[in-house]
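Visitor: Please take these sequences and the hints and turn them into a complete structure.
Just so you know, the sequences run in chain order A, B and C. 1 is the number of the first residue of the first sequence in my numbering; add one for each residue after it. 1 is the number of the first residue of the second sequence in my numbering; add one for each residue after it. 1 is the number of the first residue of the third sequence in my numbering; add one for each residue after it.
Do not take every clue at face value.
[To be verified] Ranges between beta-carbon positions, derived for each pair:
hint, chain 1, residue 1, chain 2, residue 2, range
1, C, Trp124, B, Arg387, 43 to 51 Å
2, A, Lys500, C, Pro7, 45 to 53 Å
3, A, His196, C, Gly6, 19 to 27 Å
[What the hints assert, rightly or not] Chain A is faced by these chain B residues, among others (derived, beta-carbon under 10 Å):
hint, residue
4, Ile17
5, Glu20
6, Tyr25
7, Ser47
8, Ala58
9, Gly80
10, Lys156
11, Asp158
12, Pro161
13, Thr208
14, Glu246
15, Cys248
16, Gly249
17, Ala250
18, Gly251
19, His271
[Claimed, not checked] Where chain A lies over chain C, by a calculated footprint (3+ residues, C-beta under 8 Å):
hint, stretch
20, 22–35
21, 48–56
22, 171–179
Simulated from the structure, these hints should not be mistaken for lab results. Even for Gly, the Cβ is constructed at its ideal location relative to N, Cα and C.
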Amino acid sequence: MTVEAEVPHTSDTASQGEPENYLTHETGLTSWLITVDHKRIGLMYLMSVIFAFAFGGAFALLLRTELATQGQTLMEADTYNQVFTLHGAIMVFLFIIPSIPGALGNFFLPIMLGAKDVAFPKLNLASFWIYVLGSIFAVLAIVLGHVDTGWTFYTPYSVGRNVTGGDQAVLWMTTAVFITGFSSILTGVNFIATVHKMRAPGLHWKRLPLFIWGVYATAVIQVLATPVLAITVLLLFMEKTMSVGIFDPQLGGDPVLFQHFFWFYSHPAVYIMILPGMAVVNELIATFSKRKIFGYMFVAMSSISLALLSFVVWGHHMFTSGMSEYGTMVFSALTFLVAIPSGVKIFNWIATLYEGSVSFESPMLYGLAFLVLFTIGGLTGLFLGVLSVDVYLHDTYFVVAHFHYTMMGGTVMGFLGGLHYWWPKMTGKMYSETLARIAFGFVFVGFNVTFISQFIMGSQGMPRRYYDYLDQFQPFHMTSTGGAYLLGIGFTIMAIMLVKSLRSGEKAPPNPWGSASYEWMTTTPPHPHNFAETPIIERGPYDYHLCSEEELWTGFPEDFKKGSEA
Amino acid sequence: MNETEGTIQLPPQWSTIAPEVDDMYYAIFWISVVFAVGIYASTAYFSWKYRKRKGHKAKPTGHSTLIEILWTFTPLILLGWMFHEGFVGYVEGSVAPDNAVDVRVRGMQWNWEFEHEGGVIDDLGVLKVPVNRPVRLIMSSQDVLHSFFVPHFRVKRDVVPGMYSTLWFEATRMTGSEATSGGACENDSQCAEGTGCNWGVCTPTCTTDTDCQDTLTQGAYCGGRPPEPGAEPVRRYCTLPVFCTEYCGAGQGITRSAFNDPDGPGRNTNHSTMMAEVHVIPEANYQEFLAEGPPCPSQCTDEAGECDPTCWGRNLYSQNGCNACHSVDGSSGPAPTWQGLWGNAREFSNGAEAVAAADENYIRESILNPGARIVSGYENVAMPAYRLSDRQIEAITRYMQSLSE
Amino acid sequence: MGHSHGPAYLAHHFETPKQQFESAKLGMWAFLSQEILFFSGLFVAYGIFRTWYPESFSVGSHLLNWKMGAINTAVLLGSSFTAAMAVQSAQKGDKGKTASYLIVTFLCAAGFMVVKYFEYSHKWHVGTLPGQYFGCPGFDCSNGPTLEFAEEMSTAIGNSYENFGANMVPYHLRTFFGIYFIMTGLHGVHVLIGMGLILWMLKRNASNEFSAEFYTPVDLFALYWHLVDLVWIFLFPLLYLID
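Guide: Here's what the structure looks like:
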């Protein structure tokens with residue numbers, strides 16, 4: 001890899017002789033709001049999703065507080081229903097789906113490809129603002145009314161004709177979902193074209209970082225699944241405003257059809273959420289083991305096969321909804337196939353640790369946490385794939401705990417790992433490793449306390465979306481709420497740590513983790529066009545044995561030169 | 001603890017399919033434990049053994065297609081087995097045996113109504129089933145999606161408006177106290193302290209759910225309704241809970257919406273309190289129940305289990321919506337008031353006789369076949385024919401008598 | 001960055017015109033595949049409800065004016081041809097011809113929308129509207145169905161594959177018209193967007209942006225336009241021509 005980022009361009013060089021970077025080469029608010037630079041758009045996404053996460057998290061704490069004791073603790077049943085709907089809708093549509101692709105993907109996908117930008121920078125900006133517009137609609141839905149349908153908008157409850165529930169504000173929320181869906185589609189289109197056509201010379205498919213493979217597989221799902229959600233909410237919109245009789249059984253419609261439509265998107269969406277998390281973990285494990293991911297092609301292909309399989313397993317959300325026995329049989333069998341690529345990833349990551357040189361900086365802690373928690377998430381998925389057991393566990397807290405282990409234990413750990421890992425590159429600042437580890441400790445312990453108790457009460461029969469519960473579940477709920485507070489403390493410490501880093505963090509060297517991956521080869525923070533000159537790729541992203549000591553140097557380049565002269 | 005009595009993970013087994021579901025659950029559980037331990041141990045061991053330290057350098061990654069293929073495809077065998085077992089169990093659980101007893105179930109925001117064979121409906125939210133006999137539920141919904149779930153039976157099925165869904169189970173144990181060996185009884189005196197004879201079973205009585213955890217079983221719940229504020233305490237029995245697991249909303253502006261709120265109508269006001277109770281009773285008593293109809297509600301029985309029929313009649317009067325047309329205070333309405341009705345001579349605008357005294361037979365006829373004789377001066381407002389049992393009609397009659405005293 | 005890295009149409013982040021063209025084309029194909037999935041959802045709904053309520057779909061189809069549909073099909077097919085020709089002229093760098101083909105395409109699209117307008121306004125007027133507004137002229141249900149509505153209905157019922165007698169209006173016509181309006185409506189929105197794109201192409205063509213080396217936007221527009229055409233090719237028989 002030849003990168004001559006240090007070669008100063010006379011007109012580009014900032015006053016102190018620092019190489020030009022994307023943060024400083026233009027200033028002013030509009031230079032951010034209408035930027036077409038994927039890095040700035042990535043940062044704007046990052047801020048938005050963190051904001052959404054904080055919101056969704058606050059709702060989660062409200063929920064857990066309400067559930068800490070039986071009966072009314074904070075709010076009425078009706079309010080509680082709105083709060084869990086908002087927790088779900090915000091976390092799914094405004095946080096997890098855009099989190100890794102929108103923020104980290106936008107920032108690093110072009111850099112890792114050695115490209116100057118994504119294929120369609122203006123579309124990228126449009127996609128961000130469409131996301132913001134969708135979020136505004138979601139906020140309007142919260143302010144104007146009463147969205148209490150759950151994030152799944154199941155009919156006929158959401159249609160709200162002759163039944164209690166289904167406020168008109170559901171229209172605002174579905175509009176928000178419709179709009180953010182387009183943001184997701186456009187990001188997907190952009191990434192597909194970028195990965196196919198914008199790779200630097202020498203960067204053939206077998207040299208693609210596995211992060212790219214994961215985000216690419218995600219993009220395929222985003223493009224092919226999201227439009228079906230758009231149509232679903234459009235039909236729901238029509239049903240609600242004009243009573244056309246598609247989903248409402250009173251008018252000859254079919255509520256189960258809504259579920260089929262909804263899960264045809266929302267199951268692939270689960271992979272829109274988890275694949276990027278896995279993608280990040282690949283980078284973490286490779287960098288902190290200083291070793292190429294074992295079985296590179298198998299891992300890459302496992303992402304692609306997960307993307308493809310995700311389209312044929314939606315029925316497993318509906319085993320108790322009234323499908324035919326044949327339908328359940330096919331969906332159950334296909335569902336088990338999903339375990340294969342997920343298992344492949346786990347096994348190969350462990351094999352990567354073998355004979356590596358493993359260090360435990362905070363990003364790697366999140367990487368290992370992913371491995372630990374996603375294993376539980378995946379294995380508990382087996383219980384839910386087995387038909388007879390699923391009938392028992394369906395719609396209980398067991399399912400709630402299962403998807404939090406995959407979505408939070410998986411995607412959020414991947415996101416946080418990626419955030420810690422790439423933070424120095426994005427901001428040019430280091431953060432306090434001590435605080436980062438303390439925060440990690442709270443998050444990891446808090447997470448397990450919160451959700452292991454939910455597994456137990458779920459298998460004891462505690463149904464989900466319950467405002468109140470029988471005496472027997474009291475200790476589990478209390479424990480779970482305690483865990484949620486630990487999580488809250490962990491995230492607060494993390495927020496403090498990141499703000500401190502921005503305000504007074506040490507200057508970050510270009511490659512603080514000694515990674516061989518391409519994004520670390522540019523300056524920190526990156527050049528406005530990522531690399532001053534288009535890099536020519538001569539090795540894979542994990543070929544540590546082909547790297548010179550200078551390439552893997554974790555300090556500032558000047559110091560290395562001094563060291564080698566001495 | 002015996003597994004049928006429940007474990008830390010699963011509630012007690014109460015149906016024929018429960019042991020199969022539990023065996024499968026535990027099979028996957030232990031397979032998962034093996035995998036998880038393997039994964040965690042190797043992660044921990046490799047992370048430690050190959051930790052970064054002076055003089056240690058990562059080796060370039062090798063390549064082994066054999067290993068890749070092995071760990072990609074061998075899990076398929078295990079997965080195939082799990083799929084097969086799960087599917088077989090599922091099919092067994094979805095086809096009811098021919099000799100099953102049918103019960104029609106209607107879900108509505110936020111109640112379950114159980115119509116037993118012959119149209120016998122007990123109190124709202126009370127399901128009675130015979131022990132050791134398959135029961136098939138034919139379920140429909142009046143409004144939104146619901147889902148019928150009894151953890152002890154390990155069964156669950158969505159109740160979807162616009163279609164019927166079915167589910168079956170065979171209860172293997174009565175909901176009686178173990179202290180009296182399964183608990184068959186004919187009256188209270190045969191039952192141990194803290195239990196009452198409830199349809200042939202010595203059933204533990206309770207005031208809170210916690211009471212039932214010890215006296216009946218883990219996961220049991222205290223059925224019936226908490227008494228209205230200021231009312232006499234009523235006898236409540238421990239039962240198995242029925243949950244609604246498909247989200248179905250909440251009434252707006254109902255503040256007292258918790259299960260065990262002493263100050264108000266705790267139950268059946270939202271999704272989480274859409275509760276019902278299952279009583280598993282002896283076959284003979286089930287037949288008696290079908291023949292004689294629902295029992296006197298617990299609000300109207302005293303500590304000894306004696307029924308106050310006037311109270312029962314008053315209950316039926318409001319439960320069945322009689323109050324919409326018939327007043328009990330003499331005020332006029334679309335239909336004759338009940339005050340002073342008993343024993344009076346009635347004049348009719350139709351029917352065989354023009355005049356008759358309001359006696360048991362007249363009242364019975366007016367309930368079961370309302371249009372047969374219309375009192376002069378009233379329109380035929382097409383009052384529906386009520387399917388009430390003899391004992392219920394008797395209770396209503398007694399209530400009417402009390403209004404004429 | 002150096003501004004000397006290529007012709008004016010080459011965006012700063014691409015290395016070569018070829019890369020730019022291929023990226024754009026691939027992006028468009030990806031976008032079109034989501035369009036197909038988007039309409040697929042509707043076709044699935046159509047298939048399901050037609051299977052459940054064949055009588056409503058039969059009568060509903062006879063309430064549509066197949067002649068207008070046929071004209072629109074012809075118009076759109078023609079416009080697809082002119083769009084392809086516009087691409088060819090752009091490839092040759094023939095600015096004048098490109099403009100004329102684009103204008104003809106635009107006129108066809110406008111013609112399509114005019115016919116659509118007549119169809120829609122007729123339905124608005126008669127009251128063949130979706131859902132609860134079925135039988136409500138102008139979305140106003142206070143006056144009940146008009147005589148015209150009744151006449152159209154009895155003719156359509158008489159012509160449908162199974163005559164139930166003139167008074168038997170199938171209930172699920174409300175669903176049929178829901179599906180009709182959402183399908184043709186979304187398609188119409190796509191036509192309108194296409195018209196906007198043509199105007200934009202014309203403007204760029206007039207300001208000499210296109211050449212034999214750079215005609216990507218016209219090419220992409222044509223791809224989009226063919227898809228819009230293709231969707232209509234399915235809509236027309238499925239909605240207008242069923243028995």
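Visitor: Next step is simple, just say for each hint if it's right about the structure.
Guide: Taking the hints in turn, this is what the structure says about them:
Taken as a hint, the range 43 to 51 Å holds for the pair C/Trp124 and B/Arg387, whose Cβ atoms sit roughly 50 Å apart. For A/Lys500 and C/Pro7, the hinted distance range of 45 to 53 Å is satisfied, since their beta carbons lie about 48 Å from each other. Taking 19 to 27 Å as the suggested C-beta distance range, the pair A/His196 and C/Gly6 conforms, at roughly 20 Å. About 8 Å separates the beta-carbon of B/Ile17 from the nearest beta-carbon of chain A, less than 10 Å, and the hint is met.
Annotation: interface hint on B/Glu20 holds; nearest CB of chain A at approximately 7 Å, less than 10 Å. Using the Cβ-Cβ criterion of 10 Å, the hint placing B/Tyr25 at the interface with chain A is satisfied: the shortest such distance is roughly 5 Å. Checking B/Ser47 against chain A by beta carbon gives a least distance of about 5 Å; that is within 10 Å, so the hint holds. The beta carbon of B/Ala58 comes within 4 Å of a beta carbon in chain A, closer than 10 Å, and the hint placing it at the interface holds.
Proximity of B/Gly80 to chain A holds as hinted, the smallest CB-CB distance being about 7 Å (cut-off 10 Å). A distance limit of 10 Å between C-beta atoms decides the matter here; for B/Lys156 the minimum to chain A is near 5 Å, and the interface restraint holds. Satisfaction of the interface hint for B/Asp158 is found here, the shortest Cβ-Cβ separation to chain A being roughly 5 Å, below the 10 Å cut-off. The criterion of a C-beta within 10 Å of any C-beta in chain A is met by B/Pro161, whose closest approach is roughly 4 Å, and the hint holds.
Taking 10 Å as the C-beta cut-off, the interface hint given for B/Thr208 holds, the closest approach to chain A being about 7 Å. Taking 10 Å as the C-beta cut-off, the interface hint given for B/Glu246 holds, the closest approach to chain A being about 7 Å. The criterion of a C-beta within 10 Å of any C-beta in chain A is met by B/Cys248, whose closest approach is roughly 7 Å, and the hint holds. Restraint check, B/Gly249 versus chain A: the minimum CB separation of about 4 Å is within 10 Å; hint holds.
The criterion of a C-beta within 10 Å of any C-beta in chain A is met by B/Ala250, whose closest approach is roughly 4 Å, and the hint holds. With a cut of 10 Å, the hint placing B/Gly251 at the interface with chain A holds, because the nearest CB-to-CB distance is about 6 Å. With a cut of 10 Å, the hint placing B/His271 at the interface with chain A holds, because the nearest CB-to-CB distance is about 6 Å. Closer than 8 Å: that is the beta-carbon criterion, and the stretch 22–35 of chain C has 10 residues meeting it against chain A, so the requirement of 3 holds.
Here the stretch 48–56 of chain C counts 4 residues with a CB under 8 Å from a CB of chain A, which clears the bar of 3, and the coverage holds. Closer than 8 Å: that is the beta-carbon criterion, and the stretch 171–179 of chain C has 7 residues meeting it against chain A, so the requirement of 3 holds.
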